[in-house]
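*Asks:* Below are the chains, spelled out letter by letter.
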Amino acid sequence: MTFESRGRSVVALDRISLQVHAGEFLCVVGPSGSGKSTLLRVLAGLHRQSTGEVRIEADRPGTPLTAMVFQEHALLPWRTVRDNVTFGLENRGVVRAEREARAREMLAMVGLTRFAQHYPHQLSGGMKQRVGIARALANDPEVLLMDEPLAALDAQTRAIMQEELLRIWATLGKTVVYVTHSLEEALLLGDRVVLLTARPGRVSQIYPVDLGRPRGLEVRASPAYGALLETIWSRLREEVVRAIAADRGAGSDGVAT
Amino acid sequence: MSAAGRWLADHCITIGSPIALVAAWEWASAAGLLRAAFFPRPSTIAVHLGDLALDGTLWGHLATTLARIGWSFSLAALLGVATGLAMGLWRRLREGLDPVFAVIYPIPSVLFLPLVSFLVPPGEIALVVTTAVTSFFLIAFTTTHGVRQIDRLVVEAARHYGAGGWRLFAAVLLPGAMPSIFTGLRLGLGFALIVVVAVEIVSASRGLGALLWLSWQVLKVEDMYATFFVIALLGALLSYGLAALRARLLPWVPEVGER
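Order-wise, the sequence lines are chains H and A. Residue 199 in my numbering is what sits at position 199 of the first sequence, and the numbering runs on without skipping anything. If you want my numbering, it's the 1-based position in the second sequence plus 1000.
By construction, these hints were calculated from the structure, which means they are not laboratory data. Quick caveat: nothing in here was measured; it's all calculated off a predicted structure. Backbone N, C-alpha and C define an ideal beta-carbon position, used for all residues, glycine too. Treat the hints with care, since some could be wrong.
Cβ-Cβ distance ranges computed for the label pairs, FRET-style [unchecked claim]:
#1 A/GLU1255 <-> H/ARG104: 28 to 34 Å
#2 H/ASP154 <-> A/ARG1091: 35 to 41 Å
#3 H/ALA227 <-> A/GLU1255: 50 to 56 Å
#4 H/ALA101 <-> A/ALA1244: 34 to 40 Å
#5 A/VAL1253 <-> H/VAL240: 51 to 57 Å
#6 A/ARG1006 <-> H/VAL240: 28 to 34 Å
#7 H/ALA101 <-> A/GLU1255: 53 to 59 Å
#8 A/ILE1125 <-> H/ALA97: 49 to 55 Å
#9 A/LEU1008 <-> H/ALA152: 41 to 47 Å
#10 H/HIS121 <-> A/THR1057: 47 to 53 Å
#11 A/GLU1255 <-> H/GLU105: 46 to 52 Å
#12 H/ALA101 <-> A/GLY1060: 56 to 62 Å
#13 A/TYR1240 <-> H/HIS121: 21 to 27 Å
#14 H/ALA221 <-> A/ARG1006: 49 to 55 Å
Chain H extracted, bound-state conformation (with noise of 0.2 Å):
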């Protein structure tokens, strides 16, 4: 699976060129408004790119390519846990015991069985995302895409489940597009790590992550994994200043805060 994107759009990103392969975990990080999240919207078919190109090899018709985990969940309030999981199937008209299947499924691997019945309101933070997980897994799509899932969510949970997506991603060996403002979560999840510059966003440089598998918490205590992070760290940090001070300068012109 490719895609490229050659956006030199007004809005975010210049000559984003990036090759995601198969059944790959991979993470893009940088400074706010570095246009990851655009990125991500250019992938998902949100936004249409006014130049370059989204390829994505699929071999399986009917499914769709991409399926999105948006960051403040987006769940539909008035319909139940289950009905969310199966929202996508009935759009496409798949039949209602296959939904019912593939939602019993889904919501089992998330650990959600018991809640099919409630309405999101009813749900913490934490178990909202994992419906929005169960939501875009349900419609098998060839990339998943997550937009900062679990940036909302407080530091526990969110240790939670990072752990929880790595089994998750083990099992079923999806390819994965994973936007964070977290370089410690990119290094626990990620096969490779993008790393986007200030605005306007370009591939300031891309990472392997050689920290072997299954990774789990506690690969934070290895020094490959301190050096690595503060290898990239060090980059990043150039590119959040950079960030920081463009933003200063147009705030100053009244144009942003």
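Following the hints, position chain A against chain H.
*Replies:* Relative to the frame of chain H, chain A by itself:
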């Protein structure tokens, strides 16, 4: 403490305050502090209410008023929701209708009675249409707002997962607007009661408003108060009924202001 006991303890002020008020009124009337001609004792009013119910007078008027509210509210709800949805979905329509609504809406609805009487057959139909006007605007307003306030991220996610066209409307926009629509229906129903009573006072010989006004004109003050009480009770029942319906139909809406 038993469940009933706890409930009573929680609600003692809510239950106690109207009882205290009625008791004070009873005492003041009996002691001659209030003129019984204008403020008869609540116990006397209750007896008159019983008489009105027993001889059937009350039920006839009540049925008439209920039928009028039923027709008016159905008319207002049907047209209001349809108009509101259309205005919520199409910006051009909204921009065109907003100023018109802004001008018409604040006019006290009873004033429409003569105008409506030119447009539709006077009498029962004019009365029903007049009653529907304010409710229509309220329902249309809240429905428009309901469509507009739907979380854009939710709509975007729904599109991403393949909902478009009719499906987007039926599975996302309409349910998303439902809480606001229900608020509009509840307000609209309340206003239908207010306006129908007002119109009945002005122009009808039957209905609770007419009964109240006629009782006053012949100085049957006890009957007036009895009717008054029935109208108040009717308003409360309609409002709670719709709230209960909403809780049943929209189980996904978190309870606001739960005590």
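*Asks:* Each hint needs a verdict: does it hold in this structure or not?
*Replies:* Hints, one by one, checked against the model:
1. Checked against the given bound of 28 to 34 Å, the beta carbons of A/GLU1255 and H/ARG104, roughly 29 Å apart, stay inside it.
2. Distance hint check for H/ASP154 and A/ARG1091: the Cβ-Cβ separation is about 40 Å, which falls inside the suggested range of 35 to 41 Å.
3. The hinted range of 50 to 56 Å is satisfied by H/ALA227 and A/GLU1255, whose Cβ atoms lie roughly 53 Å apart.
4. For H/ALA101 and A/ALA1244, the hinted distance range of 34 to 40 Å is satisfied, since their beta carbons lie about 36 Å from each other.
5. Roughly 41 Å separates the CB atoms of A/VAL1253 and H/VAL240, a value that falls outside the hinted 51 to 57 Å.
6. In this structure the supplied range 28 to 34 Å is violated for A/ARG1006 paired with H/VAL240, their Cβ-Cβ distance being about 56 Å.
7. Between H/ALA101 and A/GLU1255 the C-beta distance comes to about 33 Å, which lies outside the given range of 53 to 59 Å.
8. In this structure the supplied range 49 to 55 Å holds for A/ILE1125 paired with H/ALA97, their Cβ-Cβ distance being about 52 Å.
9. The given range of 41 to 47 Å is respected by A/LEU1008 and H/ALA152, whose C-beta atoms sit roughly 43 Å from each other.
10. For the pair H/HIS121 and A/THR1057, the beta carbons lie near 48 Å from each other, so the given range of 47 to 53 Å is met.
11. Range check, A/GLU1255 to H/GLU105: about 33 Å between beta-carbon atoms, so the 46 to 52 Å window is missed.
12. A hinted range of 56 to 62 Å for the beta carbons of H/ALA101 and A/GLY1060 is consistent with their spacing of about 59 Å.
13. A C-beta distance of roughly 23 Å is found between A/TYR1240 and H/HIS121, which places it inside the suggested range of 21 to 27 Å.
14. For H/ALA221 and A/ARG1006, the hinted distance range of 49 to 55 Å is satisfied, since their beta carbons lie about 53 Å from each other.
Checked against the numbered hints above, the structure violates hints 5, 6, 7, 11; every other hint is satisfied.
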